[in-house]
Amino acid sequence: MSPQYSLRSLLLVILAAFSANASNWLYLAKLSSVGSISEEETCEKLKGLIQRQVQMCKRNLEVMDSVRRGAQLAIEECQYQFRNRRWNCSTLDTLPVFGKVVTQGTREAAFVYAISSAGVAFAVTRACSSGELEKCGCDRTVHGVSPQGFQWSGCSDNIAYGVAFSQSFVDVRERSKGASSSRALMNLHNNEAGRKAILNNMRVECKCHGVSGSCEVKTCWKAMPPFRKVGNMLKEKFDGATEVEQRKIGSTKVLVPKNSQFKPHTDEDLVYLDSSPDFCDHDLKNGVLGTSGRQCNKTSKAIDGCELMCCGRGFHTDEVEVVERCSCKFHWCCFVKCKQCHRVAEMHTCR
Amino acid sequence: MAGAIIENMSTKKLCIVGGILLIFQVIAFLVGGLIAPSPTSAVPYLSIKCVDVRKNHHKTKWLMPWGPNQCERIRDLDEAMSRQIEANDIVFAVHIPLPTKEMSPWFQFILVILQLDIAFKKNNEIKDNAEVTLDVSLAYRDDMFSEWKEMAHAIETRKLKCSFASPKTIEHEGRYYDCDVLPFMEIGTVAHKFYLLNIRLPVNERKLINVGIGEIKDVRLVGIHQNGGFTKVWFAMKTFLTPSIFIIMVWYWRRITMMTRAPVLLEKVIFALGISMTFINIPVEWFSIGFDWTWMLLFGDIRQGIFYAMLLSFWIIFCGEHMMDQNERNRFSGYWKQVGPIAVGAFCLFIFDMCERGVQLKNPFYSIWTTDVGTELAMAFIIVAGICLCLYFLFLCFMVFQVFRNISGKQSSLPAMSKARRLHYEGLIFRFKFLMLITLACAAMTIIFFIVSQVTEGHWKWGDFTIQVNSAFFTGIYGMWNLYVFALMFLYAPSHKNYGEDQSNGDLGVSSGEELQLTTTITHVDGPTEIYKLARKEAQE
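Quick note, the sequences are listed as chains A and B, same order. Mapping the first sequence onto my numbering, position 112 (from 1) lands on 112, and the numbers just tick up by one. Mapping the second sequence onto my numbering, position 175 (from 1) lands on 1175, and the numbers just tick up by one.
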C-alpha cells in the first residue's frame, strides 16, 4: 500500500505544479483500477479533475464511465495516428499524461485537445444508444411542443447530448478562466474542432417503408462515424493546422493566423500558438521520450523513415527472427487458429 | 349525366365552393405542419454484448442489456478473446425502448433494421457473397418486473453487401467496412411496453455457417416507429373526414336514385370512388390502441391499393365517357383494355405485399429480399406492376389526347349545331376541362410535395415556428384527395334545379337522330339546365 500512497501524494504535487494543463482529466483513462465510478466519493478521489469537473462528476455519475472510456479511446487513437512519427503520443504514468508537450500551445497539444473532446462526445453518445445512460437525447431538447415528449414526438439525436456533455465537461476549465488568455482560446477552438469532426461526418442513412416498401414514407437518421474516421480527419487537420496569434478586434479577443497571407481558419481546423520541439532527444523534464530505440523504416523518405526519425543520429540494424501467425482460421469473434511461421527480418532502431 | 351541378352553377358560386375547399386544403396542410410532430422517429440502439454463461443453451433464457438482472457483459470483443469466450456464447442484447421509456400502441408499428460494424483485417476479410446467419428471438413484457414472454424466434440469414473504401493493405486494418443496412424485423402493432431482442451469431464450420464474415465489432439496430403525436393527429383527421365523405356520398347517391333513369357508368364510378375513399377514411386504426391486431399494416396497404386502383380507373372512364365520338360505351367491359393493366398491377403489388407483410404476421423477422429467389420474385412483381402502370399512363395520355382532338374538332363546328346539341357539347367540354384542371393540379401538388419532402430535411425553421414538412405532406395530400373526391361527388352530381319543370324535348329542338347519339351521357328527363335556360332567354330576346 505504501508505495502506492507515496505515488499518489507525488501525483498530487505534480498536479499542483501543472495545474495549467487543462487536459489533466485524460488521466481518467489510466484509472482502470478504480473500477466503476458509481459513488460520489469516488469523484473526489479522481486525479486530474478540477473542482468544477468534480462537481459535474457528482451530478452526472452515470456518465463518468463513458468519459473515462472516451479518454481511453482518445489516447488509443492518438497513439495509432502518431505511430510513425517522432512524437508518438506516448503517455506517462504521471500527470500530465502526455508530458509537458501538451501543456505548451503546440500542434500536438491541439490534436490532443481535439481528439479528447471528440472522444468524450463519441463515448457518451455510444453509451446513450446502448441504454447505459438515462438522460440522453430524450430529455434535453425534445423537439415536440407537448410535455408527453417521447410518446408524442420521439427523442432528439443522442449526438446532441454527447456533444453538449463534452462541451460542459471538457471546456469547463477554459470557461472558468473567462476565456481570455490566448491559450484558453486555442484550447476552446480545438475542443470544438474535435467535436465538429464528429458532427460534420455524421452519415445520414434512410429507410423507405411506405406501401409495399415504397419511398412514400422515408425515415432518415444520423449515424456516428467510426472513431477511426474521426481520428483520420483530425490527423489531416493536424497536418494542415494554422499557427495563430491573439488579436483584439473591438472588445473581444480572437485568434487570427500569424501569417496574414493564409486564409483564416474555419471552425473545423486545428490551431496552435507555439511551434513544436523536434522531439529528437530524451528530455524527461519536458516529457519528451526522444526517438532513440524507436523502430524506423529504412526505405521510407517520410517521417517514419530512418533518416528523419532518428534525427540523423543513424540506426542499428538487427536481424531478428519474427514469429508470425499465418494461414489463420478466424471466426467473427474470439477464435483464431493459426500456424506459426518463422521469418527472418531486418529491424532498424534509432541510435 | 347531363346537367351536372357544375354546369348549372354560376361562376360566383363556383368560386365560393372553390374558396371553401381551398381553406380546408390549407387547414389540412397546417394541421400536419404545425400541430403534428414528424411522422416517424428513428432510435439508434447499440447492442450490449452479453455472455451466456450457462453450459448448454437448451432452455431459453432472456438476457437483459441493462437495469436490474442485467447479463454478464463484456465491453468489446477483444475482451472476449482474452477471456476465451466462444462466439457461440455471445449474445447481443437490445432492449426496446431505451431506459425510462415505454413503448405505446400509438406507435402503430416498429420496424427494426440491422447494421453490422465489421472491421477490416487483412487475413480475415469478408468473403464474396457472404451471408450472416442470425439466431434471433423477441420477447415482451408489460412491466419492469414480470417475466419475459417469447413473441417470436427464428433463424434468419442476411446477405452482407459491404465495400471497403481504402486499399486493402495492412495499414488500413481496423477501419470499418461500409455495409448496407439489413432489414431485420417488422411488427404491425405495438401492444406491449417493453421488447427485448436477443441475437446470436452461431458459428458452425462444418456447415459453413457464419464463416468468412469478417471481424464483427458491433451490432447496431435502428428502431423506427410512428410518432404518437402524428398518429393522434392522423386519427383525428380520419375521424373528421369519414362522416364528411360519407354524408356527401349518401347525398350524391340519393340524387341519382331520385332520377327516373338508371345511373350511367360514370356516376357509378364516381360513387365507387367515394366508397373506396370512405373505406380508407374509416378509422379502424382506433382498434389498434386496444387490440393486438398485427394485420393492421397489411390492411392499411390493401385499403390504399384499392383506392389507387379506383382512382386510376375513374380517370380512364371519365376520359372515355367524354370522348364525344360516335361509340357507345357506358359499359365497364368497354374499358377492359385500359382497366386491365390497373388490375394486373394492383394484383402484383398485392401478392408482393402478402409475401412480405403477410408472412411477417407469422415471422416478424422475415423479409422477401434476403434470399435470391425472393429478391427475383419481388423484383418480378414490382417490374410487372411498373410496366402495367406505364401501359396505363400511355393509354390515359392517348385518351386525353383523343378527347382534346375531338374537342377542337367539335369546337369548330359548334356554331353550326342546333342549340341543344351545342349546349350539350359545351357542357361536356367544360366538365372535362374542369376535371382535367383540378386533377392535374392535384397530381402536380402531390408530386411537388413528394419531391420536396424527399429532398429537404424533415422540418423547416421559421423564426420560432417549426414546420414539419413531412407531416404537412401526409396530412395535406391526404386531405387534398379527400377534397378531390368530395368536390367530384358534389360538382358532378346531377342537378335537380328544375326538377319537374317542363321537360319536353321538342322545345329544345333535338331531333331523334341526334338524341340517339347523345344518350350515352345526356338524359333529357333531367330537364333543361341553367345554360339551356340562359341560352333560351337569349334566343327569346
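The hints are simulated quantities; they were obtained by calculation from the structure and are not laboratory data. One thing to keep in mind: the hints can contain errors.
[To be verified] PhoX-like cross-link-like pairs, simulated, lysine-lysine; straight-line CA separation at most 20 Å:
| hint | chain 1 | residue 1 | chain 2 | residue 2 |
| --- | --- | --- | --- | --- |
| 1 | A | K329 | B | K1232 |
| 2 | B | K1207 | A | K337 |
| 3 | B | K1207 | A | K329 |
| 4 | B | K1217 | A | K337 |
| 5 | B | K1121 | A | K329 |
| 6 | B | K1193 | B | K1161 |
| 7 | B | K1232 | A | K337 |
| 8 | B | K1168 | B | K1127 |
| 9 | A | K207 | B | K1159 |
| 10 | B | K1121 | A | K135 |
| 11 | B | K1161 | B | K1217 |
| 12 | B | K1121 | A | K229 |
| 13 | B | K1159 | B | K1217 |
[What the hints assert, rightly or not] Quick look at which bits of chain A chain B covers, simulated, 3 or more residues with Cβ under 8 Å:
| hint | region |
| --- | --- |
| 14 | 165-174 |
| 15 | 236-242 |
| 16 | 280-286 |
Built from N, CA and C at the ideal position, the CB exists for glycine as well.
Original post:
Taking each numbered hint in turn, which are not upheld by the structure, reported in ascending numerical order?
Top reply: 1, 6, 7, 10, 14, 15, 16
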